[in-house]
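Here is what each chain is made of, one letter per residue.
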Amino acid sequence: MTVVPVTKVLTQGIGEADLRSIDVYRKRGGYEQWTRALASLTSEQVMEYADKSGLRGRGGAGFPTGRKWSFLPKVEKPRYLVCNCDEAEPGTFKDRMLIENAPHLVLEGMLLGAYGIGSHHAFIYIRGEFKEGHRVFSRALEEARAAGLVGKNVRKSGYDIEVTVHRGAGAYICGEETGLLNSLEGKRGEPRLKPPFPAVEGLYGMPTVVNNVETLAYLVPILARGLEWFAAAGTERSKGYKIVSVSGHVQRPGNYEVPLGTPVRELLELAGGLRPERTLKAIQPGGGSSACIFEEQLDLPYDYESLAKAGTMLGSGAMVVFDDTTDFVRAAYNLVRFYAHESCGQCTPCREGGHWLELVLERFTQGRGLRGDLEMLHRVSAAITGINLCPLGDSIEPFLKSVLVRFPEAFEARLAGE
Amino acid sequence: MNEREAEFPALLARLRPQCEALIAQYEHHRSALLPIVQLFQEHEGFVSPQAVRATAQMLDLTPAVVESTVSFYTLFYRKPVGKYVVQICRGLACSLNGAEDVMRIFRSKLGIASLQTTPDGLVSYEEVECLAACDRASCGQVNLEFVYGLDEGAIDEMLAAMRAGTYAVAPMAQTEIPGRSWSVAQNADVARGRKSSGAVGTRSPDNAGGVGDASGVIMLDRIAELGLAFHGATHERSVREAKEIVELAGDHLGTLGNDGRAGH
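Protein sequence lines, in the order shown, are assigned to chains A and B. Each residue of the first sequence is one higher than the one before, starting from 1 at the first, in my numbering. Each residue of the second sequence is one higher than the one before, starting from 1001 at the first, in my numbering.
Just chain A, with the same shape it has in the complex:
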């Protein structure tokens, strides 16, 4: 077995030094990019770093970051940067690691992002369950404020930047950017109809960019080491690095940072491989909303295009590994129940469809599946896809369909009377 090289960019220093302390962070070069940007870079130049580096959104959709920023209208209106730390996609735990262990890196990324889009007020929306992350990040923000890195006329640059920490209160859907904005406005976290997109009408109806924690954090090394350095890693269209959360049936579950395009097999090896005497049944490569890949696809490069071509997606970068002890009926029930529970209830297909699928699958887990149910699972999950305000309803079908097709016998064995 070859030894897979370990990559450390955002994960550099985590577990070795206490990066939660501003002194430690600064000794390692922290906030140098922020002070450099203020002293010698224009907003346009920072935007160019985001754009030309090929950085794509690390939250799930993989949208090019520079392009997202470029949609902001050129108008004299307040504009906002919102850092999305409402991490709740099943299997994903990279943003939590970053804010709990490297809060200053996240903050510096936010400051650069805000400067890049010309925003004077940035928000971070932290998932309600992340009490520790909220505590750590809030302390880091106070340290940065005391050090004169956040506030009015930072470093006599004439640039004002305020940062507000906002805690969620328990709702997966607030990770969807317009649901997040509604929640940040003190409303129910229900997604909005798009267009208008947040870049045009976001927070308080003003131009707004919502970026994931990991996306913003990558701005720091991109400015430090150059956009060519970042763009040199990865593949032609999936550039740079990505933190992949590997969990499930592996020996060393954890966050592994890799250049995009790393074969899935190597990610599996980094996570210690399967437990002894076990065989691989499936891998869900991109969070709860992604379809499974299987043993014969282990050489797939882990990047946006290759996974999309294979009928699945990279998503949030959460890889859940299933060995031969897995009960796929229960696994399907588990994820469908999750989406049914987290549906905000605005769109009928998602609200009702998810609920019905959950009821049918619950019946299967009890060995009471009915003849015709399998066909119905296919039909209903397809029927609720593509017709909702946000992608939550569309997230139900991929995993369910992929295991129904691959392991039909697991479901057939749970029909009543079998």
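These are computed hints drawn from the structure, not numbers from a lab. For glycine and all other residues, C-beta sits at the position ideal for the given N, C-alpha and C. There may be inaccurate statements among the hints.
As the list claims (entries may be wrong) - Just some of the chain A residues that point at chain B, by a computed CB distance under 7 Å:
no. : residue
1   : Glu129
2   : Ala146
3   : Glu185
4   : Gly254
5   : Asn334
Said to hold, decoys possible - These stretches of chain A come out as covered by chain B in the derived footprint (C-beta under 8 Å, 3 or more residues):
no. : region
6   : 12–24
7   : 37–45
8   : 80–91
9   : 169–183
10  : 338–345
Since the structure of chain A is provided, determine the placement of chain B on it from the hints.
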């Protein structure tokens, strides 16, 4: 009026400066809704009707709007809970790593089901969605602090320490004796956290819906037909509708008299 209610005005007076500081963080007052309600919950252990009214008043909203917003979020407890809220992850990665056993042990040792509180008011127990700690599955939280390694011995120790008042995580404020469940439910199915109304109480999705021939699956098929057309033409349709609205508004304005009221 119970003791908590009697003390509420004093609590409000004490928290008001903090609430005002929270409001000042945002360009729009209403953004402070979640933080203010969180603050009240921290002090009262749940979101009391008095807290809802006070929040509404500070933000110039109706209590119904605050209540509606609060009810959207699972971490707002709308009825009193135990001093320790134990939340065990039932997410996929945890379920692959023993969560079923952890949940079974908690249920049997506490003698309660998910969304219930022990009769002594000490522990509220809930099975929750993925907590983003899958690297240490199976995991959970106590009063939102992460807990790991939950085998039977660890659970025994945890519960004993809670009973003895020596548990590492600080207890929640408790200003009222909790009831059996803090879930605000209309009926048993909704109590399970379901938002769907159409299929409540039905055994088969084919028979859901319950009105005339509108069985659940037929309804979904119809939505799908309409929906796909909608999906393909979202932008076109919104542009057309926006134009129509302007035209309609124009027609309407034309019928207005000088006093601004519609003429007859």
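Hint by hint, here is what the structure shows:
{"no.": "1", "hint": "Glu129", "result": "holds (6 Å)"}
{"no.": "2", "hint": "Ala146", "result": "violated (18 Å)"}
{"no.": "3", "hint": "Glu185", "result": "holds (6 Å)"}
{"no.": "4", "hint": "Gly254", "result": "holds (5 Å)"}
{"no.": "5", "hint": "Asn334", "result": "holds (5 Å)"}
{"no.": "6", "hint": "12–24", "result": "violated (count 0)"}
{"no.": "7", "hint": "37–45", "result": "violated (count 0)"}
{"no.": "8", "hint": "80–91", "result": "holds (count 5)"}
{"no.": "9", "hint": "169–183", "result": "holds (count 5)"}
{"no.": "10", "hint": "338–345", "result": "holds (count 7)"}
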